[in-house]
Structures are given as C-alpha cells and as structure tokens.
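**Student:** Listed here are the chains, written in short residue letters.
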Amino acid sequence: MLSKWINACSIKSKLINIVMISSCLGLIVAGTAFIVFDRISFKQTIVHKMETLADIIGSNCTASITFDNRRDATETLDALAAEKHILSANVRDKTGAVFAFYNRVGQNFDLDTSYNRNYGYEFKNDFIVFHRPIYLENEIVGSIALKADLEELKARLRYNVTVVAIIIMIVGLLTLVLVTRLQKFISDPVLKLASLAEQISKSKDYTLRAPKESHDEVGKLVETFNAMLSEIHERDMQLLHAQDRLEMRVLERTTELEKEIQERRSVEDKIRESLAEKEVLLKEIHHRVKNNLQVITSLLNLQSRKIKDPTTLEMFRDSQGRVKSMALIHEKLYRSSDLSRINFADYADNLAKYLLTSFKMETCIVRVQNMAEPIYLSVDTAVPCGLILNELISNCLKHAFTNRSEGQITIKFYHISQDEFVLQVSDNGVGIPGNIDYMNTTSLGMQLVNTLTSQLDGKIELLQDMGTTFAITFSEPKYKKARVENVA
Amino acid sequence: MRKIACICMMILSILACFSTIVAQEKPSEEQVKAAFLYNFAKFTEWPASAFKNKTSDFVIGVLQNDNFAGKLTDLVKNKQVQGRAIKITIDDSPENLKGCHIVYTGTISSPLLESTLSTFDKLPILTVGDASGFVQLGGIIRFFPLDEKIRFEINAEKANSAGIRISSKLLKLATPFKAQIGEH
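Taken in order, these protein sequences are the chains called S and G. Using our numbering, you'd call the opening residue of the first sequence number 43 and step up by one each time. Using our numbering, you'd call the opening residue of the second sequence number 39 and step up by one each time.
One thing to keep in mind: the hints can contain errors.
Taking lysine-lysine and the DSBU-like style, the derived pairs with C-alpha atoms no more than 30 Å apart in a straight line are [unchecked claim]: (1) S:Lys136 - G:Lys210; (2) G:Lys187 - S:Lys136; (3) S:Lys136 - G:Lys207; (4) G:Lys207 - S:Lys126; (5) S:Lys91 - G:Lys207; (6) S:Lys246 - S:Lys234; (7) S:Lys226 - S:Lys262; (8) S:Lys136 - G:Lys117; (9) G:Lys125 - S:Lys136; (10) S:Lys56 - S:Lys244; (11) S:Lys254 - S:Lys244; (12) S:Lys136 - G:Lys80; (13) S:Lys395 - S:Lys501; (14) S:Lys332 - S:Lys395; (15) S:Lys91 - G:Lys210.
No wet-lab data here; the hints were simulated from the structure.
The whole structure should be built from the sequences, with the hints applied where relevant.
**Tutor:** Printed below as a string of structure tokens:
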C-alpha cells in the first residue's frame, strides 16, 4: 500500500515525502522520548519535593506528637495551605490514630486508605499519596501522610506537548523548505535526463546530449546515457549509410533491369517482326508453290487439249490431279493460320469436289460422302496422304462405277490411338476383279499408293465387301511431329 | 475463598484495635509528666561540659519524690537520650543533684524552692517543677494542667543563661513566659 503510493509519486514528491516522513517520525520519537523522560524526572522531582515537605512537616510535628499538642500539630499542617498542590494531609501518632489533619478547601478527609499501606508513595490517576514515618532520635513517633494533586505534572505535560508540537511544526516547516530547495540537487538532473529522453524519443534527434552537473550516480547515469546516445547516433548513421548504399544499389539494379527489359522487349519485337516476316514469307512461298503448281496444272491442261489419244489424255489428267492435290495442300497451308498444318477433312472435301469435276462423269452420278474427322496434319504427312487420297478417289472414279448409273464414295479419316490414324476410302462399286493383285500392279496409281504408304511406315488393307474399301493405317513419324511442334 | 479471607482479616483487625483500646487505660498525671520529662531531653541541648565524657550517662534527678521516680524509672528502662544511657537519681538534698542534667523538683514550693533553684543557678541543669511561680523563681519548665491536659511553660532566657539550648519546637509548644525581673 505504502510502496504503491510512493511508486506513484514523482521523484520530487518522493524525496520530499521520504525526508518529511523520516524527519517528522524522528522528531515525534525524540519529542515523545523527551516528554516521557521529562515526565519521569518531573515525577521524581515531585516525589523528592513531597519527601522534603513531609519530612519538614513531620519534623515540625515531633514535639506536638511527643507532648500531645494537637492544636500545634494542626497549625503546623495548616502551613500546607501555601502548597496549593497538597489536597490533604494528616499526622498520626505511634498507634496509628489520627493526631492532626489538613484539608484544602473543598477536599474531603480521605487518607484512611493510605494508612494501612507501607511507607512510601503511590501515584494514582489524579493524585499522589505519600506516607512517611516521623522520627525522633531514631525512634518512630508517628507518621505523616500527604495527598497532592498532579496538576503540576499535567500542566507540564500540556506545556511539553505544546512545545514539542510547535518545535515539530517549526522544524517540519524548515525541513520542508530546505528539502523543497535541496531536493533539486537530486531530482533536477534526473528530471532533466527524463525530459531529454522524452524529447529524443519524440524528435528522434540522437545528437542531443544531457549536461553533466554532478559526479554522483546521476552524473554517471548521464555519462552512460550520453554514451548510449552517441552509440545509437553512430549506428543510425551507419544504418543511413547502408540504406543509402542499398538504395543506390537498388536504383542501379533497377536501371539495369529496365535496360535489360527494354533490350528484351526490342529483341522480342524484332523476333516478332521477323516471325511475321517469316510467316508472310512462308505464306508467300506456299502461295507461289501453289501458283506454280497451278501453272503446271494449267500447262498440263493446255497441253492435254491437243491430245487425242485417250491413254495419254488419261495420263495427263492423272498428272494434273496429282499436281492439283499437292497445290491444294499449299493453298490450304497459306490460308491456315498455322502455316504448318492443315485440316485434312477440309482438304479431303476440296480434293473430292475437284476430282468429281475433273473426271466429268457423264453416265453415272457419283456422290462423295466425306466422313473425315477434323484432324490436323503436318505438311510432311499431308502431302503423301493427299496423294494417296487422290489416287484412291481417282481409282474409284475410273473403275468402280463401270456400267453403273450412280455410286457413292465414302471418305473416313480417324484416330485409332494418339498417333495412329486410319485413312479409309470405300465405294459401293463393282469391286476389284479377282485377277488383279493391287500390291503388284503395273498401275502407276497403285504403285504410288504402295510407295507412299511405305514412306509413311503404314500398311494397306483391302476389304471387298459391298464394294471396295482401302484402309491405310499409319502414324505420323515422330521426328516430323517433333519438328511440327517446334515450329508451332 | 478470597472473600472469606478478607472478612477474617477484618474481624482480626477490629479485634486487635479493640484490644489496644482496652490496654490503653488513660495514663496518670505522673506518668504523663514522667514521659514529658524524658521527652524534654530530646528537645534540649546541653553543653559538652555537662558530661564527663562521650559515653557518660544522662542523669535525671528527682527531688524527694520516690513515687514519681519509680514511674520514671519504669518509663526510661532500656531507653537512651542523645546516645546515652539514662540514670535516675533520687535525693532529698539539691546539693547532691548538681551533677544531673534534668532535675524534677515536684510540687515543692517556696521558700525551699527558692533555695533549691538558687543551688542550680548558672549550672547546665534543666529544672522542671509543678509549683506555681516556679519559672518566676528561676525554674526553667513548669507543668500545669489545662483542659484536662498537662501543659508547660518555659523560661527560655533562664535556660540560655544556664547554657542550655531548648529546641524551638519545644518552645513553640510552651506557653511563652517573659521573666519579669525585679517583680520578685
């Protein structure tokens, strides 16, 4: 409780309180001791005085007792009226009977109680009772009893208490004044230090220093505080330096990176430009290739008009078809967004339409059903595939519907696994005569089909059921596929 | 228990008081006078020349009164005055009482008293008597009755001229007497 209260005080009031409390306590203890000591010694004085008085009175009464003169004894006792503190007194003879007595005005004779006691004195609450023997030539001739009030003692106590209280007040006031002045020697440096610490914590100015005013513990504290401040300041400076350097580094690095990014961006732009250029170029190339092939087709077409021999004409037409099939691939390529792959279903559609018009079927109505799935093939696979498809459709148109008024060709192209495809061309025509081995034939078309199939690492199957079905199973060569992906 | 003890004590003390009252019969006039005589010695100083040496007896002389002397002897038995043993001397002739310190003349009166007192004149002897005119005739202390009590008067000047110093306490108790020189 006390320590809590003391801890809540400021240093100034703490110092003042501590000094005031201890000095007041000291003064009170000293004052109390003085009062107690004075009371004891004053009691002794009273006892001594009473003793003397009793002896004098007793001695003056010896003759009265000895010669049985009560009047004289009473007169002697009446002299006690001069002693205002004596309340009552009596003199007894040898037998203990009261010989003479004295009562102050207003007092009752009440010393009977004191008689049976031994000689001596006794302090009561408000009075002191005294009982002394009266000697005459070493013989006890009687006794004297005195009863005195303690007004003197009480008055002295009151006086002492007042004096001590006044002294305590004066000394306390003086102490307060002194302490209030002198506590500055202790509290001022501490308060200055505290306010400096506060100022520093607010302003973050670590160049501030506390002035050293004394060489005591507080002075040492100030020194240590200053040392700490300079250390913090130094560290701050180092940190600032480091921060500056770091910022510089970051700035440098940022500039470098920006430069690098700029460079990369320009490189990318260049690459993109070059890519666009290359795409244009590629398109151009495909376009030219297609145009050239178109020119070849046109040339072949022009040439074939002069030919009367049907066999030669057929050969020309076949060649035209083959060139067209390749030209179509290039056309598809430059039209595609990709430039490296073509949708084979689209291609098959276009090729079939072209072949139907180029063969001019007069006697028979042939329909082509394209059921190819939209699979994209690279140019390396698409060219042999396109040639194979050309040969197979041409074969159908040439041979399948002899003596038929209508016919149907079905084209299928589908996956059987991730990399394996099946290209299937069926007709509901007359079928292949049994004497013809399609694997070993002089027909250029079938030879081409076989060669191209083996080029694709594929195999040919022939189904003769309700017409003829050629199914070619192949897979896109790995290296070709990889290359295609790289380009993509 | 304590109450019973208290009551017992009270009864005992009352009985004791009663017994002392019973024992104290009123003393006779002679007894009182004997006690007074003895006590005068305590309030009086004699010159050193009055004693042979420091241990010599204190002598009280009684003139022609065996009865009184008997009472006095009973009273002073084993008692001392001023550190000296008390000796009682009885004699008919004043001449033989010249070595005493106190002389009690009793009721003897003029003209025998005059000659007796003149015998002790200028000697350090405290003369005590009962006769009227005792102090006027040169005696020092005279007993007389007053209100059923024995009182005394003192001729202090006479005592001084005899070289005896009587205590003021004693003088205070006495009926003062001025020597009327030339009256007798």
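**Student:** If a hint holds in the structure, say so; if it doesn't, say that too.
**Tutor:** Verification of the hints:
1. S:Lys136 - G:Lys210: Cα-Cα ~21 Å, so holds.
2. G:Lys187 - S:Lys136: Measuring from Cα to Cα gives roughly 19 Å; hence the hint holds.
3. S:Lys136 - G:Lys207: holds (19 Å)
4. G:Lys207 - S:Lys126: Distance ~25 Å between Lys207 (chain G) and Lys126 (chain S) Cα, so the pair holds.
5. S:Lys91 - G:Lys207: Holds, at roughly 22 Å.
6. S:Lys246 - S:Lys234: Roughly 17 Å between the alpha carbons, so the hint for Lys246 (chain S) and Lys234 (chain S) holds.
7. S:Lys226 - S:Lys262: At roughly 17 Å apart (the allowed maximum being 30 Å), Lys262 (chain S) and Lys226 (chain S) satisfy the hint.
8. S:Lys136 - G:Lys117: Between Lys136 (chain S) and Lys117 (chain G) the Cα gap is close to 16 Å, so the pair holds against 30 Å.
9. G:Lys125 - S:Lys136: holds (25 Å)
10. S:Lys56 - S:Lys244: Cα-Cα ~27 Å, so holds.
11. S:Lys254 - S:Lys244: Satisfied, since the Cα-Cα distance of roughly 22 Å is no more than 30 Å.
12. S:Lys136 - G:Lys80: holds (17 Å)
13. S:Lys395 - S:Lys501: Measuring from Cα to Cα gives roughly 27 Å; hence the hint holds.
14. S:Lys332 - S:Lys395: Holds, because 18 Å separates the two Cα atoms, which is no more than 30 Å.
15. S:Lys91 - G:Lys210: holds (25 Å)
Hint compliance for this structure: every hint is met.
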